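Colleague: Take a look at the letters that make up each chain.
Protein chains: 2
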Amino acid sequence: MSTPNTSETIAFYFDIFSPFAYLASNRIDEIAAQHGCRTDWRPVLVGVTVMKIMGMKPLMDTPLKGPYLRRDAERIARVWNVPFRFHGLKGHNSLTAMRAYVWLKQRDPDLAKRFAKAMYRRLWADGLDITPIEASMEEARNLGVDPGDLRSAVTSDDIKRLLQTSVEQAIGNGVFGVPFCIVDNEPFFGCDHLPMLEHWLTHRTWDSA
Amino acid sequence: MSTPNTSETIAFYFDIFSPFAYLASNRIDEIAAQHGCRTDWRPVLVGVTVMKIMGMKPLMDTPLKGPYLRRDAERIARVWNVPFRFHGLKGHNSLTAMRAYVWLKQRDPDLAKRFAKAMYRRLWADGLDITPIEASMEEARNLGVDPGDLRSAVTSDDIKRLLQTSVEQAIGNGVFGVPFCIVDNEPFFGCDHLPMLEHWLTHRTWDSA
Numbered sequence: 001m002s003t004p005n006t007s008e009t010i011a012f013y014f015d016i017f018s019p020f021a022y023l024a025s026n027r028i029d030e031i032a033a034q035h036g037c038r039t040d041w042r043p044v045l046v047g048v049t050v051m052k053i054m055g056m057k058p059l060m061d062t063p064l065k066g067p068y069l070r071r072d073a074e075r076i077a078r079v080w081n082v083p084f085r086f087h088g089l090k091g092h093n094s095l096t097a098m099r100a101y102v103w104l105k106q107r108d109p110d111l112a113k114r115f116a117k118a119m120y121r122r123l124w125a126d127g128l129d130i131t132p133i134e135a136s137m138e139e140a141r142n143l144g145v146d147p148g149d150l151r152s153a154v155t156s157d158d159i160k161r162l163l164q165t166s167v168e169q170a171i172g173n174g175v176f177g178v179p180f181c182i183v184d185n186e187p188f189f190g191c192d193h194l195p196m197l198e199h200w201l202t203h204r205t206w207d208s209a
Numbered sequence: 001m002s003t004p005n006t007s008e009t010i011a012f013y014f015d016i017f018s019p020f021a022y023l024a025s026n027r028i029d030e031i032a033a034q035h036g037c038r039t040d041w042r043p044v045l046v047g048v049t050v051m052k053i054m055g056m057k058p059l060m061d062t063p064l065k066g067p068y069l070r071r072d073a074e075r076i077a078r079v080w081n082v083p084f085r086f087h088g089l090k091g092h093n094s095l096t097a098m099r100a101y102v103w104l105k106q107r108d109p110d111l112a113k114r115f116a117k118a119m120y121r122r123l124w125a126d127g128l129d130i131t132p133i134e135a136s137m138e139e140a141r142n143l144g145v146d147p148g149d150l151r152s153a154v155t156s157d158d159i160k161r162l163l164q165t166s167v168e169q170a171i172g173n174g175v176f177g178v179p180f181c182i183v184d185n186e187p188f189f190g191c192d193h194l195p196m197l198e199h200w201l202t203h204r205t206w207d208s209a
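Chains as they are written, first to last, in the numbering used here: chain A, 1 to 209; chain B, 1 to 209.
Keep in mind the hints are simulated off the structure, nothing from the lab. All figures in this text were calculated on a predicted structure; none of them were measured in a lab. Every clue listed holds true.
Once the Cα atoms are required to be at most 20 Å apart in a straight line, the calculated EDC-like pairs of lysine to aspartate or glutamate come out as:
{"id": "1", "chain 1": "B", "residue 1": "K113", "chain 2": "B", "residue 2": "E8"}
{"id": "2", "chain 1": "B", "residue 1": "K65", "chain 2": "A", "residue 2": "D61"}
{"id": "3", "chain 1": "A", "residue 1": "K65", "chain 2": "B", "residue 2": "E168"}
{"id": "4", "chain 1": "B", "residue 1": "K113", "chain 2": "B", "residue 2": "D126"}
{"id": "5", "chain 1": "A", "residue 1": "K52", "chain 2": "B", "residue 2": "D61"}
{"id": "6", "chain 1": "B", "residue 1": "K117", "chain 2": "B", "residue 2": "D146"}
{"id": "7", "chain 1": "A", "residue 1": "K117", "chain 2": "A", "residue 2": "D29"}
{"id": "8", "chain 1": "B", "residue 1": "K113", "chain 2": "B", "residue 2": "D146"}
{"id": "9", "chain 1": "B", "residue 1": "K65", "chain 2": "A", "residue 2": "E186"}
{"id": "10", "chain 1": "B", "residue 1": "K117", "chain 2": "B", "residue 2": "E138"}
{"id": "11", "chain 1": "B", "residue 1": "K65", "chain 2": "A", "residue 2": "D184"}
{"id": "12", "chain 1": "B", "residue 1": "K117", "chain 2": "B", "residue 2": "D40"}
{"id": "13", "chain 1": "B", "residue 1": "K113", "chain 2": "B", "residue 2": "D40"}
{"id": "14", "chain 1": "A", "residue 1": "K57", "chain 2": "B", "residue 2": "D61"}
{"id": "15", "chain 1": "B", "residue 1": "K65", "chain 2": "A", "residue 2": "E168"}
{"id": "16", "chain 1": "A", "residue 1": "K160", "chain 2": "A", "residue 2": "D108"}
{"id": "17", "chain 1": "B", "residue 1": "K117", "chain 2": "B", "residue 2": "D129"}
{"id": "18", "chain 1": "A", "residue 1": "K65", "chain 2": "B", "residue 2": "D61"}
{"id": "19", "chain 1": "B", "residue 1": "K113", "chain 2": "B", "residue 2": "E134"}
{"id": "20", "chain 1": "B", "residue 1": "K57", "chain 2": "A", "residue 2": "D61"}
{"id": "21", "chain 1": "A", "residue 1": "K113", "chain 2": "A", "residue 2": "D126"}
{"id": "22", "chain 1": "A", "residue 1": "K65", "chain 2": "B", "residue 2": "E186"}
{"id": "23", "chain 1": "A", "residue 1": "K65", "chain 2": "B", "residue 2": "D184"}
{"id": "24", "chain 1": "B", "residue 1": "K113", "chain 2": "B", "residue 2": "E30"}
{"id": "25", "chain 1": "B", "residue 1": "K52", "chain 2": "A", "residue 2": "D61"}
{"id": "26", "chain 1": "A", "residue 1": "K113", "chain 2": "A", "residue 2": "D149"}
{"id": "27", "chain 1": "A", "residue 1": "K117", "chain 2": "A", "residue 2": "E134"}
{"id": "28", "chain 1": "B", "residue 1": "K117", "chain 2": "B", "residue 2": "E134"}
{"id": "29", "chain 1": "A", "residue 1": "K113", "chain 2": "A", "residue 2": "D29"}
Required output: the full structure, derived from the provided sequences and hints.
Modeller: The following block contains the structure:
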């Protein structure tokens, strides 16, 4: 039951690097469907780009807050019944994986979403590194994508530029971390703002009845 | 209906300086009561102490995140139907007000809580400065406390040390911002973690049934 000036598309900003975006990625499509909406998964590079603009150090390395966030991710996973464990990886990043995502999204947004979910499981459920291009190639192959095509694409200037542009657009839209949702120009940051998103989708106003 | 190893007291860490702690202060006692619990309001100095330990700049001054948080506080206030507006004050702080709080808490925790609520309204509903000692004296007088006694107390070394010790204990308990609740050693940061707190108070476990 939509009203005229509301959007049916929820922009879901994510980075495969982020444990909280992984957790939210397990729920966002269901939340959207419950309100007759669809999602548009948009790539962000939180570690590489956004934190630098904000002048912040990585959250997980922040005194006091880092240990809290680890604990919080683990209990949210238990409440939501999502397979999750902290990997012990160091120096890993999601750059190649996110390039592969934008390339796949150009071809088929649903296929790209399945790829992102596979990469999320790989990192946050199975604890496997996603940094080497071979990780993206393997998950793409499982989805019927030619891994050689993927290798060519993610090393092309076009795809590098496309991801960069996407991240710049996200920042332009006020995105400073993930998960981050925008619908009707209302921004929602973090797993723990999904209830506020659901409130908005239900009422489409912040005023009490 | 308590189980043997659960606590009936929710530690509620607050700083009058914080808009989000103000918002949560309007709900925490009701949430506690609904679960047969009481609250212990514990003072923190977020701006003065905690942010320095974390090496973070004030959140409201953080690019991208600052504007988001302002908007978020305003919409949470509307959903919760709490009187709220951003004051335009600069260079204000809650040091004297929080010293007055710990002094009053020694005498009467309930009276101290009423004082904190009055100071919160003063700053976050009426937009009046809370920095000068006269602000604390006026709100104390309204509660039947001798303002001269308050003036002597908050300038005493004992009370300064007591607040400092309280803040150090909070940090020792992992508190890195406000609002922050702890019950059964489970930490909850932020207004938007109150649903997780309620989940805990209801189930006292993170496992699904």
